[in-house]
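Taken in sequence, the protein lines are chains A and U.
157 is the number that our numbering gives to position 157 of the first sequence; each next residue is one higher, with no gaps.
1015 is the number that our numbering gives to position 15 of the second sequence; each next residue is one higher, with no gaps.
One should not assume that every hint holds.
[As the list claims (entries may be wrong)] Just so you have them, the derived chain U footprint on chain A, three or more residues with Cβ under 8 Å:
id	segment
1	88-94
2	97-107
3	268-280
4	333-340
5	455-469
Please keep in mind that the hints were generated in silico from the structure rather than gathered at the bench.
Yeah, the Cβ is synthetic: ideal placement off N, Cα and C, and Gly gets one too.
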Amino acid sequence: MTTTVADHHHDEVPKGITRWLFTTNHKDIGTLYLWFSFTMFLIGGAMALVIRAELFQPGLQVVDPHFYNQMVTVHALIMIFGAVMPGFVGFANWMIPMMIGAPDMALPRLNNWSFWLLPFATSLLILSLFVPGGGPAAGWTIYPPLSVQGGMGVDLTIFTIHILGMSSILGAINIIATIMNMRAPGMTLMKMPLFVWTWVITAFLLIAAMPVLAGAVTMLLTDRHFGTAFFDPAGGGDPVMFQHIFWFFGHPEVYILILPAFGIISQVIPTFARKPLFGYTSMVFATAGIAFLSFIVWAHHMYTVGMPLSGELFFMYSTMLIAIPTGVKIFNWMATMWRGSMSFETPMLYAIATVALFTVGGLTGLMMAITPADFQYHDTYFIVAHFHYVIFCGSVLGMFAGVYYWLPKWTGHMYNETLGKWHFWLTIIAFNVTFFPQHFLGFAGMPRRIPDYALQFAEFNVVSSIGGFVLGYSQLILLVVVIKAIRGGKKASAEVWDNPEGLEWSVASPAPYHTFATAPEVR
Amino acid sequence: MIINRLKHLLSAGTALVSMLVLWAVPASVQAEWGLNLQRPVTEIARVQYDLHMLIMYIVTVIGIIVFAIMFYSIFKFRKSKGAQPAKFSHSTKAEVIWTVIPTLILIVMAVPSTKALLLMEDTTESDMVVKVTGYQWGWHYDYMEEDVSFFSKLTTPQSQITGTETKGENYLLEVDNHLVLPVGQKVRILLTARDVIHAWWVPQLGGKKDAIPGFINEMWIRADETGTFRGQCAELCGKDHGYMPIVVDVVDESQYQAWLDGQRNKG
């Protein structure tokens, strides 16, 4: 009896390094993205510890101001483009095909390339720290003219951004093609899990926003080297135009960073509340509403540039408006918990913390939306506190919830619940110790992106730095949890949790290398 | 588990209550505690401060309500206590309520905010004008109608920064030449920069604006009291962004004229 080559490959999981280099399997690629994301998270975190070490006391003790500015800049670039975005793409790869009953992504080879662009691009970014002149030091927002002044490191950063952007766009195309075309029969759009909805909307945001960033940094590149004057007033250009273009990308970008987390939370809370997600339809519309509105608020990052009054008013109103659909989502999660029957395993702890602490960040965001007040908050530590609450507590804690939730499905083993809870409590407490005082630092008048500060800011900076170090080292617990779960532990059933919803729970744990080769029936 | 949650609730409650109490205390006392904006000395700063307090109270109350409901749910609706899960997943009435009420709250916030903004952007009928130029890394002040101009740079010595000498009281907030302004007069401030984007910010005088090369921005202040007020550059401008502070002396009219004369005679 002869077997075809196709059959032979179909049954075997490939081995060795070539498995990971050439894989087109969505589970393998998801794994690659998630490990890459975690590695970048630790590297970016180390840079944050350099920052917090320098800020532990007034004076310069650890680094010189130029290197400090590089740390501030590269910390943010790595966290945003290296940790959070790839992390969510990892979740998308692992979970979307299974959730919709598809055998893989629509474009598996493109999927492989989308991943392998990332380590190449981020190596350029890390390399920039070692070239003459050092890495980029103008903040992750790289405003000209300051970024035109920088050395080769800025050019390497521009190339990094181009390549990362390409990877995101290709990934987004793949995700949309998969979700639109490969859902199992019976899975209408309004029957999709909310995680799939948030990802398809995020994918559209990526396709709309990333090319705008590419345009902005390309103009920066030509201003730097090819004699253009897009942002140089001496040549008739306008530095503020960069800010407009950058933030037209930048605001949808922050929703790109958060919407998948909202999707994960929407999967986790119903499972552990043992109650269906409240208001599925309005959750979908709220997400779409947030995505739409995200395109008309960008100048709230620029209130102090000297905009005409009508501009300031418009952006104030539109920014305040975004609070409504966001609030709807928070209330819907709370209503899911209300009169549920909750248990508090680690995924649920993280999901609840995400909702609660993201709310804190969202409320400070509402304060910043008010233009006259923002004239005091802008470029202070109040802003730094705000975005760490929304990005860390929203995106990162959301990812942690997803990791603990789906780790048994990925590895076939239950993770160690005690270690998970240690990770949770240390992270939550340390996070608040680090960042809550920064609200007060901002109010008191401490600007951001400074390596040294006046004496009245000393006490809260000490507290914040101590919290930062505990926060950073606590993440190593997650590393231990994941490695232990990969190697062994209590065997996980297919369902893993108490009657969870979703097609991913209908396959064995660990999920077989190929799932849903035949489409399931969705009623 | 329950002990943990009680402790959590207790500390969260204590923190929130103490913050509310502290914020209710007048601004003059609060500045030293470092929990709130600096004490305002101009009408604009006062308007910003009051608006800030209004929105802070509103969001704090919203936050307390959200946290209270969540903590209540965590206590009451737990499987370990035998709670049975309800089955509902819709309620049009609830959804309408929690969409309409936040919209109303936003409208309530938008009205004073709009008025404040209109006040701040009205630079007409000023009594004098000063041009402020940011450069890497210090400020230049030009009293355009008086033919007086000078640079203003940080005077904190390197030894204090590196720690070989004890830091002075105004560490990083002291300069050689202060900006001197007369009390009670509407000062129109023109802002520009020599090289990269900077931002001029003295919290007590109200607000900040970017100083952008090739462009001129404007803001206005009218100080209600004399005194010395300190601020910092508020836009990353390179390696010494943290080392280009601003010091403003607000003096009465006669002292201001005397100072102007002194500056002119200096040449």
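Now the hints, each set against the structure:
| no. | hint | in the structure |
| --- | --- | --- |
| 1 | 88-94 | violated (count 0) |
| 2 | 97-107 | violated (count 0) |
| 3 | 268-280 | holds (count 8) |
| 4 | 333-340 | holds (count 7) |
| 5 | 455-469 | holds (count 5) |
Hint check: violations occur at hints 1, 2; the rest are consistent with the structure.
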